[in-house]
Amino acid sequence: MTPRSTPNRPIRSVETAFGIVEAISERNGAGVVELAEALDLAQSTVHDHLSTLVALEYVVQEGTEYRLGLKGLDHGVTARNRLSFFDTASEEMHALADDIDEVIWLYTEEYGQSVVIDDANREQGSGYDLARLGWRPPLHCTAAGKAILAHLSDDRIDRIVDHRGLPEQTPQTITTRAELDAELETIREQGYAINDEEHAEGIYAIGSPFVLDGAVLGAVTISGPSYRLSKPTVREPLVEALLDTTNQIELSLTYR
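So for the sequence shown, this note's numbering puts the first residue at 6; every next one is plus one.
Heads up, a few of these hints could be off.
[As the list claims (entries may be wrong)] Calculated cross-link-like contacts (lysine to aspartate or glutamate; reagent style EDC-like; alpha-carbon spacing at most 16 Å):
#, residue 1, residue 2
1, Lys236, Asp201
2, Lys236, Glu202
3, Lys76, Asp45
4, Lys76, Asp53
Everything labelled a hint here was simulated from the structure, so no lab data went into it.
Can you make the complete structure from the sequences, with help from the hints?
And the structure:
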């Protein structure tokens with residue numbers, strides 16, 4: 006999906022309402038004063054929007070603080086389950102999880118960002134608290150994101166980079182187009198991507214895409230601490246298992 010465009014006539018009240026929802030999510034709950042300061046809005050405006058969101062059951066009020074309600078979860082699950090590849094990819098990802106004791110993630114791309122849509126073996130712990138269902142990290146600094154980027158057209162990559170940029174997350178992040186192009190070529194040749202502390206220090210990940218009829222649909226990744234997964238004796242068997250999994254996803258999607 007291409008990066009979102011700016012509407013010709015944006016509806017300010019809608020932007021304000023979703024800005025409040027996103028601000029609450031980022032803070033895991035917040036009060037009127039905090040939200041007004043964060044969004045540069047009048048407290049009365051924030052209060053009125055919050056009252057509406059509470060009435061619609063998208064936000065829950067607990068004393069003077071507001072948190073997101075669970076109604077949005079239903080929408081997210083519905084959106085995820087409508088993805089034509091989800092059931093197949095999830096089944097194969099969980100089959101992989103039965104064979105290895107590593108944290109595994111299933112990603113897709115939307116609006117020029119990668120999106121986590123399933124996971125397995127979370128109890129193993131990757132040391133990475135940010136990662137969760139619905140998390141939307143940049144494409145250029147995650148294993149899944151780079152694996153997906155490597156199978157997009159040059160025009161799509163241009164539009165994503167123009168819109169999202171290549172922001173630095175750690176000293177290891179790719180921040181120039183020349184570096185990115187070289188990395189994507191390597192990924193195409195070897196069939197998988199590596200995230201070596203490019204989004205978070207201490208975290209290493211391996212990602213492999215799955216493609217149907219020339220279109221990349223998503224990617225599966227294995228993540229864990231760099232000190233362990235970066236060792237060739239650990240990494241190489243995981244790469245083989247990961248490639249087997251994404252190959253099986255492609256076969257299952259082709260002949261379903």
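Results for each hint:
| no. | hint | result |
| --- | --- | --- |
| 1 | Lys236 with Asp201 | holds (12 Å) |
| 2 | Lys236 with Glu202 | holds (14 Å) |
| 3 | Lys76 with Asp45 | violated (27 Å) |
| 4 | Lys76 with Asp53 | violated (20 Å) |
The earlier numbered hints that this structure contradicts are 3, 4.
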